[in-house]
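S.K.: Take a look at the letters that make up each chain.
Protein chains: 2
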Amino acid sequence: MKRMLPILQWLPNYTRQTFSGDIVAGITVAIMIIPQSMAYALLAGLSPEIGLYASIVPMMLYALFGSSRYLAVGPVALVSLMTASVMGGVTASGHVDYHTGALVIALLSGILLLVMSLARLGVLATLLSKPILSGFTSAAAIIIGMSQLKYLLGMHIPSGLNPVEKLYFALSHWQDSSLLALFVGISSTLVILFSGRVLKRLLSQLQPSVTLINVCSKLGPLFAVAIFTLLAWFYNWHEIFNLRIVGDIPSGLPSFGMPIIDRDLFWELLGPAILIALVGTIESISVAKSLASKEREKIEPNRELFGLGMANLGASFTGAYPITGGLSRSIVNYSAGAQTPFASIFTGLIVLVVVLFLTSWFYFLPLAVLSSIVIIAVTKLFDMKGFMEIWRYNKGDAISMLVTFVVVLFRGVELGIFVGVVLSVLFFLFRTSQPHVAVLGRVEHGHFRNVLRYDTKGPSNLLALRIDESLFFVNASYIENLISEKMSTHPEIEHLILVCSGINFIDSSALETLEHLSEALKEAGISIHLAEVKGPVMDKLSHTHFIQNLTGQVFLSTEDAFSSLASK
Amino acid sequence: MKRMLPILQWLPNYTRQTFSGDIVAGITVAIMIIPQSMAYALLAGLSPEIGLYASIVPMMLYALFGSSRYLAVGPVALVSLMTASVMGGVTASGHVDYHTGALVIALLSGILLLVMSLARLGVLATLLSKPILSGFTSAAAIIIGMSQLKYLLGMHIPSGLNPVEKLYFALSHWQDSSLLALFVGISSTLVILFSGRVLKRLLSQLQPSVTLINVCSKLGPLFAVAIFTLLAWFYNWHEIFNLRIVGDIPSGLPSFGMPIIDRDLFWELLGPAILIALVGTIESISVAKSLASKEREKIEPNRELFGLGMANLGASFTGAYPITGGLSRSIVNYSAGAQTPFASIFTGLIVLVVVLFLTSWFYFLPLAVLSSIVIIAVTKLFDMKGFMEIWRYNKGDAISMLVTFVVVLFRGVELGIFVGVVLSVLFFLFRTSQPHVAVLGRVEHGHFRNVLRYDTKGPSNLLALRIDESLFFVNASYIENLISEKMSTHPEIEHLILVCSGINFIDSSALETLEHLSEALKEAGISIHLAEVKGPVMDKLSHTHFIQNLTGQVFLSTEDAFSSLASK
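Protein sequence lines, in the order shown, are assigned to chains F and X.
Residue 636, in our numbering, is where the first sequence stops; the numbers in between run on with no holes.
Residue 636, in our numbering, is where the second sequence stops; the numbers in between run on with no holes.
No lab work stands behind these hints: they were computed from the structure.
Watch out, some of these pointers could steer you wrong.
Copies of one chain are not kept apart here, so a pair can be met inside one copy or by any two copies together.
[Claimed, not checked] Pairs of lysine-lysine residues, derived as PhoX-like cross-links and limited to a Cα-Cα distance of at most 20 Å, are as follows: (1) LYS608 <-> LYS453; (2) LYS366 <-> LYS590; (3) LYS608 <-> LYS448; (4) LYS608 <-> LYS463.
Bear in mind that the values here come from a model prediction, so they are computed numbers and not experimental data.
Bound conformation, chain F alone (with noise of 0.2 Å):
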């Protein structure tokens, strides 16, 4: 029970310095996301009060069933620009209006996570590789950067173009940009980015706590969201510049209830789904894996996977639309000193009075500025220097990376996602596919090495391999050619000696190439044997044709087979 309900491990022990810290931490996260909440939402391409509904049933969710005390989970830009991508495929279509599909998608997750936690498949997430990881937020850096061009310099550009496209459009029709807007966004990001350094040194002649200093510094867009704001309605800039705001938000309580959801939508949207699951995931599992292990404690995969299904689904019950944990939120309700999940259940809460009572104070916010904060959220996904270092140390991966990265960019992220997983699997089956096998000598009683590496002795009539990797369909045929090329050279062979220490498993394709080279090997008069099978892999083994009709003998090590079989 408490393993499912973390709540009950932390509510029984919660004192008043507990709390201090929580209700500090959650003020200092609200402030933070309630403007970001609303410019991812806009990023995909939801109106901003849908943002907000994110930021509030889910955390709370995620607080009650996910393993990490310091996740904040809410909207985040991967998951928001992937589901813009994926709606405006659906939209197109006609077939359902875009908050609909919004909702699907996050009640389809949900339920997945809420599988994939009970089967204990969070392994499936392992298969997108960090160079399809990289390669992906790197592309989607430059798509979500160049998504925000249209607010940033108040023009139109029409959707359906690749990011490339849309630069050299947003180029070729300077004459249209709208100069107030590219100011605001322009000040606005630099206010973001230096009040917090300000801020920070004013403070610190005060000497005041290092949690103060913390959250101050991330009160950057706050500032820039209020000085904007008062400035656009005092003097009125969106009527007479026609500069976009944001406008009327309707306040209250957002809609309850389960999206509607019919076969073919089911179908259209599964896929899409299961990939914003498993990025989703990803990026949550590593931002409370990076927090927990700070403190000394252990995030478990297949629990997270469990709160953040409750989370998506929470989403789509409360008119939101796919979340999952933050990066910098998770930071900064850390460093902000929260200490229980209680944090985030405060910060929904006020969440929640701002949805309820205070969404016209967002009347005259500009565009801009919410564009200014995705921006600079965007550009720390960009991931150069990591391409740098990926290329030195691996080529393969290099290429996943940046094929990954290529087509992420031009043809879309399912896709690109999908050839960067299929690249590195095929990477990875060659690697697999070529095993390191030695040829074994003795170098003294019981001792055998490699005889590349160690001078040593042996029999002529005998030949020791060790084959240092488990025997499967990859490597099966190549590990046959490599004995028949050995077998074929030295024609004085007459007993052929596996050394299985390096074999963890055997499946069926290299039992039967065994069967065959057994069969092959016996009628050139070969024989073979086995010397240090492992016991797991002796129980499946002695019920086979391959063993009952050994032509050699099973040994328990290699000293034994040696022994018993140098030419007498």
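Given chain F's structure and the hints, the job is docking chain X onto it.
M.R.: This is chain X only, laid out in the frame that chain F set:
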């Protein structure tokens, strides 16, 4: 030069004895494959002479370029089925005529095989694991068998039905079937199955050479063809009972030239051509290998690809269709005493003579006889015993096999093999994702073993883990979780020693995981040390942040690590 043209190896040593062996084998194979080639051409949906063409030039080209002394290439059942299956879809789109399509597939397969040979990509073929091939061939046996129902029952069965529907249609329309066709089919089957045996017994009283017995036991199809062609001619079955016969076969050489190919056709047929090339290669190489190993010779896969590629190009230029090395014809070739590839050249010459002058002999040959030849050949493909063995040995492989079988049977060859490959790769990744990790303790000086199996001693402030698998993206987070788990449950640990004796490779995902782990453990006050790192792994690692910022040391041996880190 000798590597590229094997003829330069055997021709200089050619003797009269070698010649006599080759001549006998050449004649035997020719007698066997003339009806077989026509039968397979019908199976592929082509007219009978095309099967004969496929046994002339391709056979000779393989003899010049292939690496096997005994392999006989030409039409085979699986490739014929796949051609039929692909072309059914292509001609339905009305784009191109049936035979041109088959020529284009041969052309593309040939080019692909040559490219794979030059790029040494023979390893790709290993992706089709044994369970996949077994599931595929079993389903193919049923599909091929049911496709012959229309000839065996002398009735019209609509195309486009799946095998089960075909059987149902035939049973529910039994009153339309021709008793004569059924009689011919069944008695021809009996003739083929038993004539060899009867003849063998009669001959053995005369004590002839083993070769003669071997040759005669393969004459069944020839007898069946002769008997029923004569009967059909004498009693005029095709006019009186409307029995379907082969009819006119154009005599003379096939037209020579490259098939015309446009871009649409290229993209439409590329996938099928890849699949046909792979399946053909696997079948062919496995035959060549098993024959070569009997003589303690070696087959070089990339050279085989080259020979098969040239043979397929030859097929596409001489009005044939995709071919590969066949099991039964190669065994006959070998056991009839072939000594060099000249046997295949001689077979090709005989088939050429037949095509030039003797096609009219086959006018009255009933199609039901050809069907019986096909059916006898494919019954060997159905692999129930293999399935039972795989099921007993490994459930995952058995599931891959079963799914492949069902999908091939009901949804087609391409989808079936694709699903099978994806499944087997997923099972493979799943197994590799959870490598064996042992906690090591000291048994005696310099000897370290798994603490679960041996009574060991070790200082409590350090933990030594031996990971028995290369570190890849598929197992990186598993390892990370496992280590965090150990760390959070053993607060007394100060040093983590990773014993890397089983690690042959670390990819960049795993490297990043190690970096994260190192940072996280640093904050928790634990240092990471490495021991027994292999040379090539260390070469790669030495330039990375991970090693440069390593909190601990790199030790040569586990003993060194233990003695210098044990709590002072």
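S.K.: All hints are to be evaluated individually against the structure, with a verdict given for each.
M.R.: Do the hints match the structure? See the list:
no.: 1; hint: LYS608 <-> LYS453; result: between (47 Å within a copy, 18 Å between copies)
no.: 2; hint: LYS366 <-> LYS590; result: between (54 Å within a copy, 15 Å between copies)
no.: 3; hint: LYS608 <-> LYS448; result: neither (50 Å within a copy, 27 Å between copies)
no.: 4; hint: LYS608 <-> LYS463; result: between (38 Å within a copy, 12 Å between copies)
The structure shown violates just one earlier hint, number 3.
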